[in-house]
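**Q** Taken in sequence, the protein lines are chains A and B. FYI, the numbering used here numbers position 104 of the first sequence as 92, with every residue one higher than the one before it. Just add 2 to wherever you are in the second sequence, counting from 1, and you've got the numbering used here.
Please note: incorrect hints may appear among the correct ones.
What the hints assert, rightly or not - Chain A is faced by these chain B residues, among others (derived, beta-carbon under 10 Å):
1. Phe26
2. Ser72
3. Gln76
4. Asn77
5. Pro78
6. Pro210
7. Ile211
8. Leu215
9. Gly221
10. Ala223
11. Val227
12. Ala270
13. Asn272
14. Asp275
15. Pro276
16. Tyr277
What the hints assert, rightly or not - Calculated Cβ distances over 12 Å to all of chain A for the following chain B residues:
17. Ser9
18. Trp233
19. Glu285
The set of hints was computed from the structure by calculation and includes no laboratory data. Yeah, the Cβ is synthetic: ideal placement off N, Cα and C, and Gly gets one too.
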Amino acid sequence: MKEGLFILRENIPLTGSVWQMDLEGDTSAITAPGQFVNVRLDGKFLRRPISVCDVEGDRLRLVYKAVGEGTRAMAGYEPGKKLDLLTGLGNGYDLAPAGQRPLLVGGGVGAPPLYLLCRRLVEEGKKPHVVLGFPSLEEAFYEAEFLALGATVDMWTQDGSNGKKGLVTDGMRAAEYTYVYTCGPEPMLKALWELSATSGQFSFEERMGCGFGACMGCSCKTKYGSKRICKDGPVLEKEEILW
Amino acid sequence: MVDTQVSLCGIPLSNPLIPASGTFGYGQEFAQLYDIDILGTFSFKGTTAQPRFGNPTPRIAETPGGMLNSVGLQNPGVDAVIAKELPALAEIFHKPVMANVCGSTVEEYAAVAERLSACPQVGWLEVNISCPNVHAGGLAFGTTVQGAAQVTREVKKAAGDKPVIMKLSPNVTDITEIARACAGEGADGLSLINTLMGMRLDLRKRKPILANLTGGLSGGAVFPVAVRMVWQVYEAVRLPIVGMGGVSSVRDVIEMMLAGATAVGIGAANLTDPYICKDILEELPQVMEELGISSLKEIIGGAHHG
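Using the sequences and the hints given, assemble the complete structure.
**A** Right under this line is the structure:
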C-alpha cells in the first residue's frame, strides 16, 4: 500500500451514471488486476474504494458509478485537480489458474476490474471470453474496449435493448471455459458460483472503514475462517466462499 | 529541544500518542507503513475469551465529520492473541503494549484480564466497558455505577500488578459518576471516550445502513464532546486519563492534554489517514515550540489551573 497524490487528467461519463477517470501518479504499489484504490474526497470522512480498471506506467484509470453523494461529487471533479489515493489495496486476481480459455464475467460496474485482467491474460497468450451484463444498452459500457483487447465478448441486457435479452448466467451456460473470473453484485456472484463448471475467483464489494485491514469493518465468513474483504479479498476463491 | 515524555500509571511513554483499540489491529498493517516503535504505545484490538466474528455487514457508514462502526468486537479470542498475535507483535514493536479487554460477563472480563496481564509484553490493561455494538456486556457495564464498579473490582483482582485502565462510555447522563465508581474500586487510570451511539438511514431502502441498526460515532465530529468529558473527569477524580475521541492533529493532542489527558488516543483518523500518528509526531516539536511548551508533562490539565 502507498499513499500518494494523483493529478486528475480526464473525467468523462461513459453512461448516465458511470464515469471514467484518468489519473497520473505513482502507481508502483498496484501489483495485480482486481486491486482497488481508496480515494479521499473533499468534505467526506471515509475514503471511497474504487477498483482499478487499468494501469500503465504512471497512468491509472478508474471506472466508477456515481451512486451516492461522494461518488456524485467525484463525477464533478475537473482535470488538474489533485487527489489523495491509497493504492495497491486488496489481493487482486491470480492469473496462474486461468487455463487457455478463461471466462470473465462482469455485471455493471463489476466489469472495469476485469479489463486489466483481460489485458494481462491476452498478453500471456490466453483467449479470454468476456461476458458482460447490464440492465439496458443505455447503461452498457466497455464492450468495444474488451473487443479491442482481442477478447471474445458476449454482452447481455436485461431488457433486451442490445438485441440479446438475458443475464450473464445465460452467457456462462453457453460458454466453454477453463476457469472463471467475475465481479459484480452479490446475487450475480452467487448465481455464477452455483452454475460455474470450473473453479474460479469472485470479487466482492463491501462498505469499508480503512481499506487496508485495520478496522474489521468489511469482514466476511469463509470456509477457512473470517476474512477482510479489503485485505484478504476482495477476490475470494470459489472453494472458500460461504453464502 | 522539547520534551515529549509522559508517564502513564508509572510506565514511561516517549510521547503521549496511543493509537486506539479497534483502529490499529495488532499493529501489523501499520508496521508495513512506518516504524511503530515511534508511538508511545498502542491499544490492541479488543479481546474476548472466545473468538468472535462480530456483527453482520454493513458495519460502516459515513457521517458528517466522522463515521459509524458496528464491528462488534471481532477478534480471534485470547488464546489466539497470546499464541499468535503477541509473538508476531514482538517482531515489530519493542515497547509495552496496552491490552484491550472485553467480555460479556464479569467472569469473562476477569478471565481475559488474568491471561493478558501474565504476558510480559503487556504494560497496561484497558478494560472496555463501553462498546455500544454488543448486546451483552460492554456498554451494559459501562452505563451503571454498579456495573462499572463490579468489573473494575474483579479485573483488579485478576490483573496482578498490571495497571488497569477502565475505558468509559460517553453514552451516559453523568460520566463523572462512572469515573468515581471505577476510581473507588482501585482503577489505575481511565480512558475516554469510546464512541457515541448513532444511526444513519439509507434513503432508497428506507432502512438503517448498518445491519446492526446502530453503531458508534467517531471522528472529528466527537472531538468537542471528548474534550468536555475529559475536562469533567479530570476535575472529578485523581487518575491519569487517556483522552480520545476525534483527535486528528497535533493541536488536538495538545488541547486534549490541556483538558486533562496524560496520554492521547488516536482512533478513527488512523483509518482514513494511515500515516496520521507518524505525521503528528513529526510535527509535534515544532508546534510545542510555537506554543511555548517545553515539556508535555507540564501541560496535563493545564487549562484547569490559574
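**Q** For this structure, which hints from the list above don't hold up?
**A** 6, 8 and 11
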